[in-house]
Every structure is written in C-alpha cells, then in structure tokens.
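In short: position in the sequence shown from 1, add 17, done, that's the numbering used here.
None of these hints come from the bench; they were simulated from the model.
Certain hints may be false.
To be verified - Derived lysine-lysine pairs resembling DSS-like cross-links, with alpha carbons at most 30 angstroms apart: (1) Lys-492 to Lys-449; (2) Lys-488 to Lys-476; (3) Lys-389 to Lys-328; (4) Lys-312 to Lys-449.
Everything numeric in this text was worked out from a predicted model, so none of it was measured.
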Amino acid sequence: MTMYMMRKEDESDARKQYFPLFPMQRGNMRSSRALRLIALAVVIVFLTYWIFSVAYMWVQIATTWLILFSSLDRTFSEEPEREPSAKDNEDIQPKQEIPAEWREMCEFLEREWQGEEGQIDDDHFRLRGVAVVFRHGERSPLYTEDDEAGCEPFREQDREDFKNYKKLMESDDFNYFLNTDVKFANFSKIPSLAHCSAGQMTAEGALQHVKFGNYMRDRYLDSNIFSPDSRLNVTVTSSRYNRTFQSAIAFTSAFLFPSKSSVPQIHVQASNFTFLCTSRNCACNTRRWRAQFEKERYEYFVQRSPAHLQKEADLVRTHSAFSHAMDPFQILDVALGRYVCRRKPLPCFGRSYCLNYEFLSQLLNETTTRKKVMFDEGSRYVVEKMNLVEAHGVLYHIAETIANLRRFPHTNTIQIFSGHDVTLAPILIVLKVPFIDPPHYASRLVIEFYELVDSPSTKDGIFLRFLYNGKDVTKDVFFCETELNNGLCPGQKLERFVHNEIFLPLNVNSLIEVCS
Numbered sequence: 018m019t020m021y022m023m024r025k026e027d028e029s030d031a032r033k034q035y036f037p038l039f040p041m042q043r044g045n046m047r048s049s050r051a052l053r054l055i056a057l058a059v060v061i062v063f064l065t066y067w068i069f070s071v072a073y074m075w076v077q078i079a080t081t082w083l084i085l086f087s088s089l090d091r092t093f094s095e096e097p098e099r100e101p102s103a104k105d106n107e108d109i110q111p112k113q114e115i116p117a118e119w120r121e122m123c124e125f126l127e128r129e130w131q132g133e134e135g136q137i138d139d140d141h142f143r144l145r146g147v148a149v150v151f152r153h154g155e156r157s158p159l160y161t162e163d164d165e166a167g168c169e170p171f172r173e174q175d176r177e178d179f180k181n182y183k184k185l186m187e188s189d190d191f192n193y194f195l196n197t198d199v200k201f202a203n204f205s206k207i208p209s210l211a212h213c214s215a216g217q218m219t220a221e222g223a224l225q226h227v228k229f230g231n232y233m234r235d236r237y238l239d240s241n242i243f244s245p246d247s248r249l250n251v252t253v254t255s256s257r258y259n260r261t262f263q264s265a266i267a268f269t270s271a272f273l274f275p276s277k278s279s280v281p282q283i284h285v286q287a288s289n290f291t292f293l294c295t296s297r298n299c300a301c302n303t304r305r306w307r308a309q310f311e312k313e314r315y316e317y318f319v320q321r322s323p324a325h326l327q328k329e330a331d332l333v334r335t336h337s338a339f340s341h342a343m344d345p346f347q348i349l350d351v352a353l354g355r356y357v358c359r360r361k362p363l364p365c366f367g368r369s370y371c372l373n374y375e376f377l378s379q380l381l382n383e384t385t386t387r388k389k390v391m392f393d394e395g396s397r398y399v400v401e402k403m404n405l406v407e408a409h410g411v412l413y414h415i416a417e418t419i420a421n422l423r424r425f426p427h428t429n430t431i432q433i434f435s436g437h438d439v440t441l442a443p444i445l446i447v448l449k450v451p452f453i454d455p456p457h458y459a460s461r462l463v464i465e466f467y468e469l470v471d472s473p474s475t476k477d478g479i480f481l482r483f484l485y486n487g488k489d490v491t492k493d494v495f496f497c498e499t500e501l502n503n504g505l506c507p508g509q510k511l512e513r514f515v516h517n518e519i520f521l522p523l524n525v526n527s528l529i530e531v532c533s
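Based on the provided sequences and hints, a complete structural model is requested.
Have a look at this one:
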C-alpha cells in the first residue's frame, strides 16, 4: 500500500515537471476542443432541420397529387355505386353475427314483416275499423353525445328508397293530402342524414314505418274498412317529438296516401302527453311520477338486481359512450342506438373486456322482470299508478270509438297513435299482455273492431281483437279471457274496464281522484 501511494505521488510530480511552463497552452487546447464540439452540434441541427423540411415538402406534394388523382378517378368513373362489402366497412360491420333477438330489437329493414292482422275468416263478423298504437322508428340514443358519422341507411337499396321517400314528402300532392297541427309548425317531416343527434330518428327509422304502412295496407286494403259503401273516419295522433311526428307521417304515407282518391285528407293532431290523450277526460300530469319512477327504477337495480350485472354495468360506464348511462335501460339505449342498430362492433374497454350480447340479453331480461315486479308490488312503487293513468289515455279513445261505431253504423274508423316505448308498455302491462321491456323500435299494438252481423242487440254487437307485433293476444287480455266469441272480445268488456274498473287497484273510482 505504501509503495502504491508513493508511485502515485511520483507520477503526479512527474506531470508537474513535464508541464512546468505551459499553463496557457493547456487552456487554449480545451477551448479549441469545445468550439469544435459546438460547431459540430450546429451542423447536425441544421442538417436535421433541412432533412425534415425536405421530407415534409415531398409528403405535402405527394398528398396533394393523391387527392387530385382520387378526385379525378371518382369524377370520371362510370361504374355504378355498389353496396359496401364487409371489407369496405370494417369500421361498421359487426365482427360477429347479430343474434336474432337483437335483429328484432332493431327491426332491420331486411327483416320480413309477418303477422296475423287482417279480416278474420268468419262471415258472421264484419271488420269496421282498426286502431294502431306504435313506437317510433329507430333513433339515436338519449343518453350519449351526438354521433357525427351520419345517419344514412346501411344498404344501398334503402338509401335509394329514402331518396324516393324524401321526394314524396316534398311533393305538392302529398302535402295537400296531409296537414298537421300548428304545434308541429317547426317540425321536420323527415329525419336528418347529416349526423345522428341525440333522440332523433334515423332514416332507417322512417323507412321502418314506410314498410309497416305497406304491410298494413296489404292486410286491410281489401277489407270492409275501405268499402265504398261506408264513410271512413281517420284520426292520427302523435306526441310532440320529432321522432313520433316523423313516424306518423311515414306510416300514413304508405298505409293511406295511395288511397287518396277515397280517403279524406289526413290531419295529424298533437298530444301534450306521451300517452297520447287528446281529451280533458284522460288528461293528467304524470311527469312528476315519471321522474320518481326513474329514480325508483335505478334504486331497484342497485338494491335488488344480481350483483354480477351491477359489476359489469360499472365496467361498461368507463367507456365514454356509456358514461351517462346509469340504469340498464340507458345502457341498452346506447348499445342499440350507437352500435347494434348501426351495425357496428360492440365496443371494448382496454384489452380485458368487450361488451357482448350475452350481457345485453341479461340486462334486457332484467329490465323486463323489473317492470313486472315493480308494477305488481303496487303502492311500494309509483309505477302502478303512473301506468294506469298512462294506459287510460289510449284505452279511453278506444272506448270512445266503440261507442261511435254503434252510433254510426255506416261509418268505419282508422285510429293511428304514434308514440314511444312508454306509450306501449303501460297499455300492455295494464292489459296483462306479456312483452319485452322496452318494446323494440316500430313495435305495434293493433286493435281490430268487428261488428256481429245481424246482432239482435246493437249494444252487444261490437267485438275486439288484440294483436301485439303480429301475434293475436286477445286471450291474454285479462278481461277478455273468459268471454271470447270466436276468438273475439266483447267491446263492452273494455268499456266497463275503462269507465269503471281501471283505477280500482288504487282504491279510487276516477281519474280526477288519482291526479288531484
């Protein structure tokens, strides 16, 4: 160790002896080296900037020429526009087949409309009229941001059909045939294609009701309803929303407009209520109950629904599209309006989880079960009172029609009610007709009015048939099930229920007592 230290000291002394007279030269050498490094750095920076500038310039030139040639190619191409293939639409095509349950929920335009509507095969009964209560067509979600991607129909054929439909809406002939309530003065007759705004109907939604109108026309055109020997009374009612107003017009354009020579001018009247009451005898402010119901509905989910559904719902809400969707109803609303019915893949949440149809089906089953449980538990929740009042609106007008058919034996009737899922669901649950909650887009409840030919009593001569989404459900209507006549329900049963019995579960006798 001592020898090592001595050696180091000797080396230090040697350096001092070797450079005893040149301290200035050592400083100059260090300065020169620093200047060379600075100069090199400047050169590198300049070369880097020059290289990037040249590269950026060529990218700009290449992009400009690419856009120019693409435009010329589109301009001069004579090939007809084709329906997009799966490869073309990888951003909107589902990666898996959409299950049949969800294709029905969307009511895709390629689905065939089927049902049992139309004159029954029994000469003892004459069809005097039909009432149609339907939900609006496909729309954008209520609980998410606007989708700027556009709302054009998916298929090329449907895009062409919408162009033709738009021309009809703009024609003088149609606008003479149809006039509207002044409350609809600022409403558009057709949906926007530019972008999907929250709660607004899509072009496919309008075409759904055109297709529905064609279906109903095929079912009833040759029936006694359109008999030239009878007068035809037509009423069309819509809630004050774009989507229901546009649905009413689309349905009417296909169902009635082709018979404009024999059908009177149509007037679309506005209802101030989602339950489509247009008389003071069924008017009631249910908004306060609706707000309370939505609060109770969410509390039910948190307190009584399966834990695994709650946990997965929490995960779904981490996605920006679902961030405002607290209740399962709202999650389903976003999933349908943003993804499923727009035929886009269900979203993923990082690498660990993707929204899937199994979970959506579980939610749909839960919302359906929850609605029935809450209604059946009576005063524990507000929904029973609210739904009885909401169902009373349309049923009151149906009862009025029964009375008018008796009073005017040579006048047939068509009633059209364009509403929401919250229009249909209360009627169905009050009548005790099974249904999925929410009813899918363009769901329909059809009530046919029959007259017993040669009936000894005018009072007993009107009968009803109830059909939900094409299926005869008359036997499921609780006040009809024991007194059917060839599958038809006596009209008196509905009248008695509406005027005397509907509010008995609330221990009151009239609407005034409920709403006061």
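Hints and how they fare:
| no. | hint | verdict |
| --- | --- | --- |
| 1 | Lys-492 to Lys-449 | 10 angstroms, holds |
| 2 | Lys-488 to Lys-476 | 28 angstroms, holds |
| 3 | Lys-389 to Lys-328 | 23 angstroms, holds |
| 4 | Lys-312 to Lys-449 | 24 angstroms, holds |
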